[in-house]
Amino acid sequence: MKFRTVLPVVIGILMFAVVMAMAAGDKGAENISLYGGKSGEVPFPHQRHQATLGDCNTCHELFPQEAGSIERLKAAKELKKKQVMNKHCIRCHRAMKREGTRSGPTSCKECHVKK
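Count the sequence shown with mature numbering (1 follows the signal peptide of the UniProt record, and there is no 0) and you get residues -23 to -1, 1 to 92, in order.
Hints may be right or wrong, so weigh each one.
[Stated by the list, open to error] Pairs of lysine-lysine residues, derived as DSS-like cross-links and limited to a Cα-Cα distance of at most 27 Å, are as follows:
1) Lys91 x Lys58
2) Lys86 x Lys58
3) Lys74 x Lys86
4) Lys59 x Lys4
5) Lys92 x Lys64
6) Lys51 x Lys4
7) Lys15 x Lys51
8) Lys92 x Lys15
9) Lys86 x Lys51
10) Lys74 x Lys64
11) Lys64 x Lys86
12) Lys74 x Lys(-22)
13) Lys51 x Lys91
14) Lys15 x Lys58
15) Lys58 x Lys92
16) Lys(-22) x Lys54
17) Lys59 x Lys91
18) Lys51 x Lys64
19) Lys91 x Lys57
20) Lys86 x Lys59
21) Lys74 x Lys91
22) Lys54 x Lys91
23) Lys92 x Lys57
24) Lys86 x Lys54
25) Lys92 x Lys59
26) Lys15 x Lys86
Hints in this document: simulated from the structure, not taken from any laboratory. Nothing here was measured: the structure is a model prediction, and the numbers come from that model.
Use the sequences and the hints to build the structure in full.
Next up, the structure:
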């Protein structure tokens, strides 16, 4: 192959590798405090969930991987008020508990922290 053909391919592969390495290194905050309405904030161990689940899409199928995305989607009426916590988080925690796997909280009071 000619040099003019090989060079762009090599550069493309290197750029792809750099982007993938950067994405793998960015795991977001270790812990996140989620708005919990009148019931109080919800401490969320983000990196513990990543380590346990191994697939970001398990949670992020509902909302983008951006700070504040849950609240923006609720304000735009694209997510219902309790859709994430009550229907997604608790459902997963209860399923893990039924399987005998250590899981997170399964009731409202275990997550919401009033100050």
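Cross-check of the supplied hints:
Between Lys91 and Lys58 the alpha-carbon distance is near 18 Å, which keeps this suggested pair within the 27 Å criterion. Of the pairs offered as hints, the one joining Lys86 and Lys58 holds, with about 17 Å between alpha carbons and a cut-off of 27 Å not exceeded. The hinted pair formed by Lys74 and Lys86 meets the criterion: a straight-line CA distance of about 17 Å does not exceed 27 Å. For the hint linking Lys59 to Lys4, the alpha-carbon distance of about 25 Å falls within 27 Å, and the restraint holds.
Between Lys92 and Lys64 the CA atoms are separated by roughly 25 Å; this keeps the pair inside 27 Å, and the hint holds. This hinted pair checks out: Lys51 and Lys4 have alpha carbons roughly 24 Å apart, not beyond 27 Å. The straight-line distance between the Cα atoms of Lys15 and Lys51 is roughly 15 Å, inside the 27 Å bound, and the hint therefore holds. Between Lys92 and Lys15 the CA atoms are separated by roughly 10 Å; this keeps the pair inside 27 Å, and the hint holds.
For a cut-off of 27 Å, the pair hint linking Lys86 to Lys51 stands: about 22 Å separates their Cα positions. Pair hint Lys74 plus Lys64 holds up; C-alpha atoms about 15 Å apart against a cutoff of 27 Å. The straight-line distance between the Cα atoms of Lys64 and Lys86 is roughly 15 Å, inside the 27 Å bound, and the hint therefore holds. At most 27 Å may separate the alpha-carbon atoms for a hinted pair to count; Lys74 and Lys(-22) exceed this at roughly 59 Å.
Restraint check for Lys51 and Lys91: satisfied, since their Cα atoms lie roughly 21 Å apart, inside the 27 Å limit. A threshold of 27 Å between alpha carbons decides the hint, and for Lys15 with Lys58 the separation of about 12 Å falls inside it, so the pair holds. Pair hint Lys58 plus Lys92 holds up; C-alpha atoms about 21 Å apart against a cutoff of 27 Å. Between the alpha carbons of Lys(-22) and Lys54 the distance comes to roughly 55 Å, so the proposed pair goes past 27 Å and is violated.
The hinted pair formed by Lys59 and Lys91 meets the criterion: a straight-line CA distance of about 17 Å does not exceed 27 Å. A C-alpha spacing of about 14 Å is found between Lys51 and Lys64, which places the hinted pair at or below 27 Å, so the restraint holds. Between Lys91 and Lys57 the CA atoms are separated by roughly 22 Å; this keeps the pair inside 27 Å, and the hint holds. For the hint linking Lys86 to Lys59, the alpha-carbon distance of about 14 Å falls within 27 Å, and the restraint holds.
Restraint check for Lys74 and Lys91: satisfied, since their Cα atoms lie roughly 25 Å apart, inside the 27 Å limit. Between Lys54 and Lys91, the direct Cα distance comes to roughly 25 Å. Compliance with the 27 Å bound is thereby established for this hinted pair. Among the hinted pairs, Lys92 with Lys57 is consistent with the structure: their alpha-carbon atoms are about 24 Å apart, no more than 27 Å. Between Lys86 and Lys54 the alpha-carbon distance is near 25 Å, which keeps this suggested pair within the 27 Å criterion.
Between Lys92 and Lys59 the CA atoms are separated by roughly 20 Å; this keeps the pair inside 27 Å, and the hint holds. For the hint linking Lys15 to Lys86, the alpha-carbon distance of about 12 Å falls within 27 Å, and the restraint holds.
This entry does not satisfy hints 12, 16, going by the numbered hints stated previously.
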